[in-house]
Every structure is written in structure tokens, then in C-alpha cells.
Amino acid sequence: MKLFSKKKKNFIIALVLILIILSLNFYQKEVKNFFYLISSPFQKNLWRAGERVSLFFETVREIKSLKKENEELKLKIKEILAENLNLKELKKENKILRDALNIGLEKEFNLQLVSVIGKDISEDFLIIDKGSKDGLEKNLAVVTQQKVLVGRISEVYENFSKVMLISNKRSSFDGKISGLKEEEIYGVVKGGGKNKINFESVAQDKKVREGDKVITSALAGIFPSGILVGEIKEVKKNDVEPFQKIEIRPAFDLEKLEFLFVIKK
Amino acid sequence: MKKVFISILIFYILALLESSFFVHFDFFYSLPNFILILVVLINLLEKPKNSFGLWLAGIGGFFLDIFSTFSLKMDFVGFYILFLLTISVFIKVILKRYVRISILKRI
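So the sequence lines, in the order shown, correspond to chains Z and Y.
With the first sequence counted from 1, adding 1 to any position gets you this note's numbering.
Every letter in the second sequence is one number past the one before it in this note's numbering, and letter 62, counting from 1, is 47.
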């Protein structure tokens, strides 16, 4: 004989379960603590594994956006580098202008700052970045910020000009040796090609020493007087010839020419 | 009895996975409740006469109560047990009264 019918049995089970659940609430902290305690080692490992796996999927998902971001950043770096270079150039230009101001070049002449964009050393030509648009004309003198003569403008284009160096074979003008107490020695400064300059038409009896400074004279015509050309490098005397053979060392370093001034009339 | 122990183990592992592993794969800040899904599926698939689904609801609900942080602002162990049991009973009643052919057979 059955002690309880099926319905009663189910009812009793349900009642017992409800009582167990309710009683769990009285000790819920202890119960939860127990489960957390025994599960924490597994939970820690699962947490780490989950983190790693999700990170992997996230990376895979983000590769596309990262690629795009990377390209954008690369572009930005290029822009910043270009800006940085520009600023460096400006700084250099600023320094040169300051130097020029210090030696009072701007008080003597109406100057135009130009930068060298091309060189033809074998032909003794330079190309500068200013042209007729900036008011440059043919035959204007070109000097460095230290007031050293470099050459003259031989051709003018709209946005750039060609400068013929004083060492060019076609270049020739009057010069004199400066700082002499005795009589002044005048001569013709003539380009010898390939960065060589000669001081010609100096009579044999004139005393020219190595290291003497040569400047432009008032007779130079296209060049203002008193601009440094260079110093005497070598003097060769030959009784057979009427004039001395004198070589001038240019006062500018062709390799280092970057910024120049054009003396406007 | 063996079936009950195996289900306890499975639900325990599921609860652990859900609270520690799957939380890292939330889609739009929500995560499917695997225990709930399993309980509903078993109740749908087993014969309405069987009571195994109800046992599973109790076990699953218990682990959800322990490991779930959702508590309707009250710290009450038993919320999920009652919730899953209610769902299981509801499914069984519906299946018993309104569905003549077993879902498994229909599939």
C-alpha cells in the first residue's frame, strides 16, 4: 500500500524544496562564499582565458581599422615632418637675416633675401628662387650675409634667376686691394673658371702680398664699391710679362652657399 | 540519480563559464543566458510527463542565483529557481494541453 499518493508526494517534494530555498536565504552569505571559494581558482583561469580569447578576436576585428589608423598616422607624421623642416628652414633664414642686420647690410643697400635652389659648379652658375616677380633684374649684385661678393644675376626668369659667379670665365670687374697705407693697387678681377679667380692687370712693380684683401672698387660699375671679393692666394712675378699673375681665394664657400642677398638698385 | 549529478556538474560549469569566460564576449552589452536556454530546450524536448526538466530548472536556477549578479535589488537566493521552475511548468502545461505530438517526433 502506498503511503502517499503521487500528487501528495509531489506536493511534499515541492514544499521541502521551497523550505530549502527559504532556509538558504538565512545562510546565503555563507552559501555564496562557499561556492565562490571553491570556484575562484577556476574562475580566475577562465577569466584570463576569456580575456585572451576576446583580445585575439578584438585584434582580428580591429586590424582593418588599425590599418586605416596607421595610414592616417603615417600621413600625419609626414605632414609634421614637412612642417618641422619648414620651421627649421625659417629658423635658418631668420638667423641669416639677424646676421645681416648685425653687420648693417640693410642700412647700406636695399636687399632681397634669396635661397639657392641649384648649383652648376663646373660652369660657375647658381640658380636662386626669386625672379622678376620679386623685382630682380639682370646684373644685380649677389652677396652673402657677411657682405662677400658672390656674383651677379645673368638671367632673370619670372620665379627664379641665374647667378653668374665671380669665378665664371665671363665675369670681370674692377677691384682693389684694401687697407694699404701706401698707394692703392687697382686691378681687374677676372673669373678663371671652376671656382678660380684671378687679379689681373697689376703692374710688376706693385707690391702685392699673399693674404691681402681684395674688394670691389668704385670703377666696378655693376657692383657697389667696398664689397669683399676674397684674399690674395698666390702671386707670381715674371719679368717677361708686363703684369703679375695673381690668384684670389674666394671669400665664400661654394659648398655652403644656401641663402644669399641680392642688392637691389 | 546519475543524470542529476551530471546535470549539476554541467550547470556548474555553465555558470562558471557565463560569469567568468563569456562575459568577455558581450555583444552590445548583453549576453545570452545559456542555463536558461538549456532548461527551456530540455523542457521543450522531453515528454511533458517527465519531471527531469523541473529538476534541471531547480539546479540551473540555484547556480544562477549563486553566480549571477542580477538580483532585482534584493539579495534573494531562489529568484532564478522560481523563475526557471515557473517557465518549465508553463512549458509542460502548454505542451501537455495544446501540443499533441512531441516536438522531437515532429522534427
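Treat the hints loosely; a few may be bogus.
The list that follows gives simulated cross-link-like pairs (lysine-lysine, DSS-like), each with its CA atoms no further than 25 Å apart [claimed, not checked]:
(1) Z:K7 to Y:K(-13)
(2) Z:K214 to Y:K32
(3) Z:K134 to Z:K120
(4) Y:K34 to Z:K30
(5) Y:K(-12) to Y:K34
(6) Z:K10 to Y:K32
(7) Y:K32 to Z:K9
(8) Z:K148 to Y:K(-12)
(9) Y:K77 to Z:K10
(10) Z:K237 to Z:K195
(11) Z:K134 to Z:K265
(12) Z:K79 to Y:K(-12)
(13) Z:K8 to Y:K(-12)
In short, the hints are calculated from the structure, not lab data.
Against the structure, the hints:
| no. | hint | result |
| --- | --- | --- |
| 1 | Z:K7 to Y:K(-13) | holds (23 Å) |
| 2 | Z:K214 to Y:K32 | violated (117 Å) |
| 3 | Z:K134 to Z:K120 | holds (21 Å) |
| 4 | Y:K34 to Z:K30 | violated (36 Å) |
| 5 | Y:K(-12) to Y:K34 | holds (17 Å) |
| 6 | Z:K10 to Y:K32 | holds (20 Å) |
| 7 | Y:K32 to Z:K9 | holds (22 Å) |
| 8 | Z:K148 to Y:K(-12) | violated (103 Å) |
| 9 | Y:K77 to Z:K10 | holds (19 Å) |
| 10 | Z:K237 to Z:K195 | holds (20 Å) |
| 11 | Z:K134 to Z:K265 | holds (13 Å) |
| 12 | Z:K79 to Y:K(-12) | violated (67 Å) |
| 13 | Z:K8 to Y:K(-12) | holds (23 Å) |
Taken one by one, the earlier hints fail for this structure at numbers 2, 4, 8, 12, listed in ascending order.
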